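So the sequences go chain by chain: A and B. When the letters of the first sequence are read in order and numbered with the working numbering, they come out as residues 229 to 665. When the letters of the second sequence are read in order and numbered with the working numbering, they come out as residues 229 to 665.
Since the hints were derived computationally from the structure, they do not count as laboratory data. Don't take every hint at face value.
Copies of the same chain are indistinguishable here, so a pair counts whether it falls within one copy or spans any two.
[To be verified] Straight-line distance between alpha carbons at most 20 Å, and here's what the computed EDC-like set of lysine to aspartate or glutamate pairs gives: (1) K307 / D423; (2) K559 / E513; (3) K389 / E331; (4) K587 / D530; (5) K307 / E379; (6) K304 / E376; (7) K586 / E263; (8) K586 / D366; (9) K307 / D422; (10) K262 / D422; (11) K259 / D423; (12) K362 / E352.
Being a predicted model, the structure only gives us computed values, none of them experimental.
2 protein chains.
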Amino acid sequence: MNPIHHQIERQKTHRVVIVGGGFGGLYAARKLGKEPVALTLIDRRNFHLFQPLLYQVATGGLSPGDIASPLRAVLKRQKNTRVIKGTVTDIDPTQQIVYADGEAFPYDTLILATGARHHYFGNEQWEAHAPGLKTVEDALQIRQRIFEAFERAERETDPEKRRALMTFVVIGGGPTGVELAGALGELARFTLKDDFRRVNTREAQIILLEGADRLLLTYPPGLSDKARQALERLGVRVRTHTLVTAVEEGVVRVKSGEKVWEIPAHTILWAAGVKTAGLSESLAEKTAARLDNAGRIFVEPDLSVPGFPNIFVIGDLANYAHSPRGGQGGKPLPGIAPVAMQQGRYVARLIYRRLRGKKMKPFRYFDKGNLAVIGRNAAVADFGFVRFSGWPAWLLWVFVHIAYLIEYDNRLLVLVQWAANYFTRKRGARLITGEDG
Amino acid sequence: MNPIHHQIERQKTHRVVIVGGGFGGLYAARKLGKEPVALTLIDRRNFHLFQPLLYQVATGGLSPGDIASPLRAVLKRQKNTRVIKGTVTDIDPTQQIVYADGEAFPYDTLILATGARHHYFGNEQWEAHAPGLKTVEDALQIRQRIFEAFERAERETDPEKRRALMTFVVIGGGPTGVELAGALGELARFTLKDDFRRVNTREAQIILLEGADRLLLTYPPGLSDKARQALERLGVRVRTHTLVTAVEEGVVRVKSGEKVWEIPAHTILWAAGVKTAGLSESLAEKTAARLDNAGRIFVEPDLSVPGFPNIFVIGDLANYAHSPRGGQGGKPLPGIAPVAMQQGRYVARLIYRRLRGKKMKPFRYFDKGNLAVIGRNAAVADFGFVRFSGWPAWLLWVFVHIAYLIEYDNRLLVLVQWAANYFTRKRGARLITGEDG
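Take the sequences, apply the hints, and build the full model.
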């Protein structure tokens, strides 16, 4: 920090810039709402998205508005906070400036929380045939594919083509893949069963592909088995030990040991990998921070960038090798909402303490447990001390998720929607929109 | 009808094809659900849209899923009915065949209910600058423009440009224009007032332009005055006697008597005219039916096409010169939901009676009254025998509209959403989506 800058510094309020309004950025912003800082939150979108429920938008159970909260509305009472809808194009860590759409935003402390996008790791050409699920647009595109497939199957006279239209392949057996496959099973077996005249939606094939030996790798093996059983009850075919070798228009090529075959399928969904956006590479160049192969930045025990104690990286953008005993040294924390939220709150508290000349212990993740849902009534839960599955886990899942929705009226609405969906098995939000008017 | 066809006819169930799943087509289909007919409903979309609430989607109060019902779900219990998602490309009234995406659908009775799109009457180049509001995509595009305008105003430093960004022009003072302008007034004056830091949303200019001497021409003049007053209380500037002479990027040129001026505005919305889709022209060529200048087909007293007693035209596609004393001879019925619903039910009943060899009296519209809403708490109602305005009309409007939503769970949801919006003045569904990911 040069002397002139330092002089200006003393006269002014401490400026915090947060890039990204996901779980990490938004929780940091809320925690700093009453602190003596001038806070700027920059996001490309004007809303916070509750990503754990995005698969419900993709399968017609919820509308985008149900799981989104306008960032300005969430932060309107924070008089120290302004929200900028813009795209960050560059960061200058020496001058301490963030550039968004050509405008300069100087900072004293920077929090980067731009998250990750789905990723195909060298097979980017797969994306056109197997969309991933990270944004509202992704969800609406997937919704369109799913419901359009049934519509086309109803009009298709060639049995082979009809079979491909009625085949849905989900690639990746993590929580998103499991939840998507479960929702598709529900849809085909129950929701749509009386809706068509020529096709029997219960004959739809839903295939979940996973390269490892079990689903939900971050959960204990017992719960992976429960999840598999719940999916199979919904008619989902679970194929573990199965690697995808190619995705083309209407076909997935797979390999399991020596065996190689192909699955003709109109709808192929990608839930197998994520990578951070371009910002991390540009930051790494300027700060000499190291990146892992998903583009995540290796951070210090206090979540700062090595050599830059006033730049913090949180959420999916950070690689924090967490030790269950606290501090670093174990496996990197997974890219899930609770990690991002806790990191956001931690950094906010660190800034608060630093402004008062106090130190802060390294970040420590408190694992409140994991939940994944498989259709109506079935879920698996892992809280370390207790693990359970079936409908108690499902009910818990519903309430935990709804409790975390940012806005009160969203919560109420989603609860009503959920109750209605539960009792009627309806999925009213299955509009095919977007392509033709 | 040729003899061979007649022979086949006697062996088979009477085939009814309905084109269009709006209010007219859907109400006809529901009424025919238990009749001894083979019913096919063809629509380009997989859902019925509750168009009277579309302006709420455009202004962020509701999500598309809240006002849409999947056609298959609505009709699933009707075993005599199949739904086809497809675009009707041609009609052969002699062979009695409808073609959709190359597939032939033979009919014994045909009901055409394809509705209307907004229209610019020779000024189609205006559409790019002043979108209209007829589809979900229209509503989401308008939503994006409105909220993007505020976002850009917040970042704009040039006061003149900022003023244009904060100017919203609605062209057309019918129910849609009045409701849009009222919702914009609400938004700027209340919902968004604490959301921005640089701009004061209460300084936004909302201008409603109408060529005639008053708003809501189809209502009695007293209610037009009430509507104007309610809009002005919300800060809307109402300009009657004002003609739009040109719409260009960011500017509307207007004329009032001798006076000519221009309004710089980033957001220009079109609510001034509709025209039927291409199908009516192609039908007119083949049947010698006459069209009015909005493309509507002049129909017989029983809503059939002259010379084709088995082709019916209903809803926005029909020009039915209704006499208040019953029968024809007065002004054409307006393009509103109650007209379409009643016509749909009438034709269904006519088919039912005709199958039993019975005659049917000419169609007669029963006017249950008109309602238009102006922001929270204000509406105008005209029931012929009684006219009122203010919050009783508003409350009535809310309940009437919700009662007409097709699906039970939609009704409950919209009611909860409405209650939440009412008490919080929030508009949670204000996602800017669509353009960049």
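Hints breached by this structure
2 and 8
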